[in-house]
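Quick mapping for you: the protein sequence lines, in order, are chains A and B. 1 is the number of the first residue of the first sequence in the UniProt record's numbering; add one for each residue after it. 1 is the number of the first residue of the second sequence in the UniProt record's numbering; add one for each residue after it.
Because the hints were derived from the structure by calculation, they are not lab data. Because the structure is a prediction, the values reported are computed rather than measured. Take these hints with a grain of salt, some might be off.
[Said to hold, decoys possible] If you only want the chain B side, here are some residues facing chain A, beta carbon under 7 angstroms, derived:
1) 197
2) 335
3) 343
4) 363
5) 365
6) 371
[To be verified] Non-contacting residues of chain A with respect to chain B, defined by C-beta distances greater than 10 angstroms in every case (computed):
7) 36
8) 51
9) 136
10) 164
11) 170
12) 184
13) 194
14) 296
15) 327
16) 334
17) 370
C-beta: ideal position from N, C-alpha, C; glycine also.
Number of protein chains: 2
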Amino acid sequence: MAADSWSTTTSEVYRQIEQALAATSQFAVATIVDVEGTAYRRPGAKMVIESDGTSHGGITAGCLYEPLQEAANEVLESGSSTVVTYDLTSDDTWGLGLGCNGVIDVLIEPTDDSWQQMVDARTNRKACSLVTAIESNDPSIPVGARAVISEQGSGTNDRRIRERTVLPDSVIADIETEARTYATEGSTDCISVSTETGEIVLVIDGIEPSQKLVVFGGQPDVRPVVRFAAQVGLEVTVVTGRGGRADDEMFPAADRVLATHPTNLSNAGIDERTFVLIMSHNFVDDRLALEAALGTEAPYIGLMGPRKRFEQLQSDLENEGVELSKRDRERIATPVGLNLGSDAPVEIALSVVSEIIAVSNDRNGGRLVDQAGPIHDRKSVMSQ
Amino acid sequence: MAADSWSTTTSEVYRQIEQALAATSQFAVATIVDVEGTAYRRPGAKMVIESDGTSHGGITAGCLYEPLQEAANEVLESGSSTVVTYDLTSDDTWGLGLGCNGVIDVLIEPTDDSWQQMVDARTNRKACSLVTAIESNDPSIPVGARAVISEQGSGTNDRRIRERTVLPDSVIADIETEARTYATEGSTDCISVSTETGEIVLVIDGIEPSQKLVVFGGQPDVRPVVRFAAQVGLEVTVVTGRGGRADDEMFPAADRVLATHPTNLSNAGIDERTFVLIMSHNFVDDRLALEAALGTEAPYIGLMGPRKRFEQLQSDLENEGVELSKRDRERIATPVGLNLGSDAPVEIALSVVSEIIAVSNDRNGGRLVDQAGPIHDRKSVMSQ
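Isolated chain A, as found in the complex (with noise of 0.2 angstroms):
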């Protein structure tokens, strides 16, 4: 296991996986496809595992590595997908080891090139479904048949898949709206589909691109968040304002570096997974960025400073005839952050970063102690 495997963020757990493509090695990828009970990560949940036993990414609390490890082997040899149930419901498990309560289904697949549509909707800013068959008693669709249903785009499957089994076309056109809904949601569910001679299972693995971070400000307060976001996988550019230089050095951190005039801050790439994050310091030049975010798909503004000072941003922006809609008083975040009562600049950067990832899961960043009800929202209830 990689030393910090667990600190590995999904965006390098793909990040891996489209090395392994381009690389042509073959590294295996496991993927929770279902969980009954409680379960350490939800369906959709990602490890890379290599032949000599590296991995990135964790799926279960570090006790299935060893079981993990030989079925990732065997996949390797065989080149051939299969899924694996871990039964962790036994008393002795309950008792002595997991803290988890349930049973997971892990798909275990060779990187092949079934990945690379998957692969190029990333780059393209794009989300997708990787459909796959985990169970089959239909003779001609093996556990491991693909297809890739895109966020937008026709239903019939690209050829382009050589190394596997793909999924007919008309199973594709029984799950091709949910697998649509999928991708949007970047969500992970298994559907039952009667084929002509059989039953299968199908996961739709809905696959969004990596979240970005833009941030708008030249100061030593910008490196802390920059940090924070990097370490949890967000994709940074730092936008200096004017007078800025272009300072990789002051950003180690940071995928970008631009300077530019803050009216071009659209031009850092907003689109609607970019966060955005204002805090130049300076009034005048914050204005001209906020206007700039607003005309763009940011699904979050952050602006740094007390509530006065945006008052006093709004009320000129209004004097210049621009009025902020609904949706736009929505996205600003101002004062920025959660609330976790600290003035230092290590912590603040913490807050706004706990932020982003909060609202990038519909979440109020409250604390989970004073809430009721489960904690994931999505079918299957989890361990935390």
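The hints should help you fit chain B onto chain A, whose structure is shown.
Quick look at chain B alone, frame taken from chain A:
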């Protein structure tokens, strides 16, 4: 400015002061003592400035760096403390500058022997107040005259201070009660005192020892927790349960790694400023660790796992005659963490460390944008 000065934690600032004393090298320490209007940081925020321009910590949004450096150099040359006032309320500053709109008073001092008692207190995990004259028309009491008041102990001066004027015992008697309270709360404020021959203004700067985190567990998902906790300045001890190894390589960001039976958890040095996180994923070990943690003064006991698992733990404890008090229920956080909605280990780690910072500041972690009123609950109204 040190490249990553703004990621410097409060603990690191004190460590720098400690090192300056040990090495008898001279740094200057800049402390915000008073704020009118809005400013970037609260009174008590500190920055260490070396004569070569290296600095640790940030007290403004980057803008005052040059005047602070100049003032620090004068202090280092003269060996005398000074107070500098920065007025950031001009229209020009508001318009084009900082996004702050206040007047801040900064005390700049050399790292002389008047800091030793504070360093010793922190080493012994005791709080104290640095009491320092910041204005004076009493000729016997220059700006910088100091006394150090411990959380406990007598109100007489520690006569070890030789490099600075000590405040007279009559002045100490006047502010002793406040100084003890401020020490315990870690708060900072100014107070006017009449002396026999004049009027002085003192800053009372309460300084707490570092906050600690003890994590019980040895699985790889402990790693990102340790990393984030260290990055925000918590002193981290990892306690691996039975069968675990004290493996420093596994947890490079930890200050200490111990292998011990969970019933010995309290040997990890848990006091009233130590947060405990239990995440062994082993039901029996977690129960034993929880029981041990409940016997300590820990203000927070985070327990990884679903609500149902805690109910089972609680029922097992009750069967052994251990009833949870109201205070116990308040300090146990389970499910642990803030509601960020993610199941990736690195994001769970972020949510747990964010919760610890929120709890340490008596906050709920919810989004600031959803909460009315000023962000900071102290006297001064701050920017962020």
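Comparing the hints with the structure gives:
1. 197: With Cβ-Cβ at 37 angstroms, over 7 angstroms, it is violated.
2. 335: holds, 4 angstroms
3. 343: holds, 5 angstroms
4. 363: This hint holds: residue 363 of chain B lies near chain A, its Cβ roughly 4 angstroms from the closest one there, short of 7 angstroms.
5. 365: For residue 365 of chain B, the interface hint holds, since the closest Cβ of chain A sits about 5 angstroms away, which is under 7 angstroms.
6. 371: With a minimum Cβ separation of about 6 angstroms from chain A (threshold 7 angstroms), the hint on residue 371 of chain B holds.
7. 36: The claim holds: residue 36 of chain A sits with its nearest Cβ about 14 angstroms from chain B, beyond 10 angstroms.
8. 51: Correct as stated: the minimum Cβ-Cβ distance to chain B is 20 angstroms, above 10 angstroms.
9. 136: For residue 136 of chain A, whose nearest Cβ neighbour in chain B is about 28 angstroms away, the distance exceeds 10 angstroms, so it holds.
10. 164: holds, 27 angstroms
11. 170: holds, 34 angstroms
12. 184: The claim stands: residue 184 of chain A keeps its Cβ more than 10 angstroms from every Cβ of chain B (closest is about 17 angstroms).
13. 194: Check passes; 32 angstroms lies beyond 10 angstroms.
14. 296: Consistent with the label, residue 296 of chain A stays out of reach of chain B, its closest Cβ about 19 angstroms off (over 10 angstroms).
15. 327: holds, 14 angstroms
16. 334: violated, 6 angstroms
17. 370: About 7 angstroms separates residue 370 of chain A from the closest Cβ of chain B, which leaves it inside 10 angstroms; violated.
The structure fails to meet hints 1, 16 and 17 from the earlier list, while all remaining hints are met.
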